[in-house]
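J.: What follows is the residue order along each chain.
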Amino acid sequence: MKVKINEDWLATIIAFVLMILAILNILPPTLLKF
Amino acid sequence: MTTSTIKQENKTSSTWLNFVVGLVIVVLLAILAHSLKNWVYGIKDIGGGIPGKVLEYPLWAALVGLIANFVLKTINFYEYPKTGFRTELFLKIGLVLLGATISFKVIVTAAAGAIIQALIMVTAVYFFSWWLGGKFGLPDTLRAVMSTAVSICGVSAAIAAAGSVLAKKEEITYITALVIITALPLMIIAPLLAGAMHMPEPVAGAWFGGNVDTTAAVVGAGTIYGETAQQIASIVKQTQNVLIGVVAFLLALYFTTVVEGKKEKPSAAIIWQRFPKFVLGFIIASILFSIGWIPAAAKEAPFNAANLIAAMKDWAFCLAFVCMGLELSVSGIKKMGWSPVIVYLIVTVFNTVLALGVSWLIFGWLFPASL
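Listed in order, the protein sequences are those of chains V and Y. Quick note on numbering: my numbering labels position 2 of the first sequence as 2, and the sequence is numbered without any gaps. If you want my numbering, it's the position in the second sequence, counting the first as 1, plus 1000.
Do not take every clue at face value.
Listed next, the in silico DSSO-like pairs over lysine-lysine satisfying Cα-Cα at most 27 Å (straight line) [to be verified]:
#, chain 1, residue 1, chain 2, residue 2
1, V, 33, Y, 1135
2, Y, 1299, Y, 1037
3, Y, 1044, V, 33
4, Y, 1082, V, 4
5, Y, 1277, V, 4
Keep in mind the hints are simulated off the structure, nothing from the lab.
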């Protein structure tokens, strides 16, 4: 069965996963610099 | 295993591969745009007394995307990685991350003005565009899609309106191309004009949010002008985006009952279906930041999680701007003729001038955002 996720929710989930990884220091603060 | 199952599996793996190849292209182009920006940023005079630091990354990203678009089409390799060119997805990720850097108080303050501005702008621009489209003899479906795109937020509003009025596929493609063609130059011209008029950042941000047609270009214009302008532009545009569902519902109601003369009415559920849900993510992220769950960014080393979140936000926006250049297509415009182009350009000028007055009035005088 193919599950299609709404793009808005997908973007929100990805953003929150990235935020949690950053807050828990799983991704080091200096990993990405802009 | 049947032949059709094997074909289906091959198709799925091929789609994934297309997406990954497209994503790799976008990431490499974003790195190139970022390097170009850093390279030019340090130059004190790039000519005519203009310092290199005015050429911010949205400009480089869109330019690199446009060149790659041309190259990929020339070598016949555009269709294969196309599924990885996801302007809207990257933009929405960036906007939710942006929420984690803005105090909720700022959102509430700016949203009060943004709601009034959105109601004035959407209503005035929509009906002006609808009226002018009628004068130029455009079909009802085309002018409904165009009016929604130009008055709310470009591509996603055009798609929502097209669903409500059952517009033709080529009408959506056409309006989408027009939106990007006008938004790309506006992304650069609007901050230049704002600078020439010495506009305060909140007012400039509100102006970009009110007049530039697509959210990606609004964020780009705000980024070029300054951090506060980026925040206010994003808040104003998202407030406007929230109205997509309401307009989609009213359009569906008008077309089914008035144009098609049917008795049954469309469901109001469309208001929620078309609601941009990532706006909720943006608000929740801002609340988490305001209650201290997400720290404030450190000004200097040692850097913290907030610095990484801010950097990820900028990378997400950079990917979106690259995709904006990559996704531009002018082929649909040639098929439709010039009348809709003229209407669209006149409405864009009307939108720009009206938004200038309204944003000065609301963000300069009525609700000066305390940032």
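J.: Give a verdict on every hint.
T.: Hint-by-hint comparison with the structure:
1. V:33 / Y:1135: violated, 52 Å
2. Y:1299 / Y:1037: Status holds; Cα separation ~21 Å.
3. Y:1044 / V:33: holds, 23 Å
4. Y:1082 / V:4: Cα-Cα ~19 Å, so holds.
5. Y:1277 / V:4: holds, 15 Å
When each numbered hint is compared with the structure, a violation occurs for hint 1 only.
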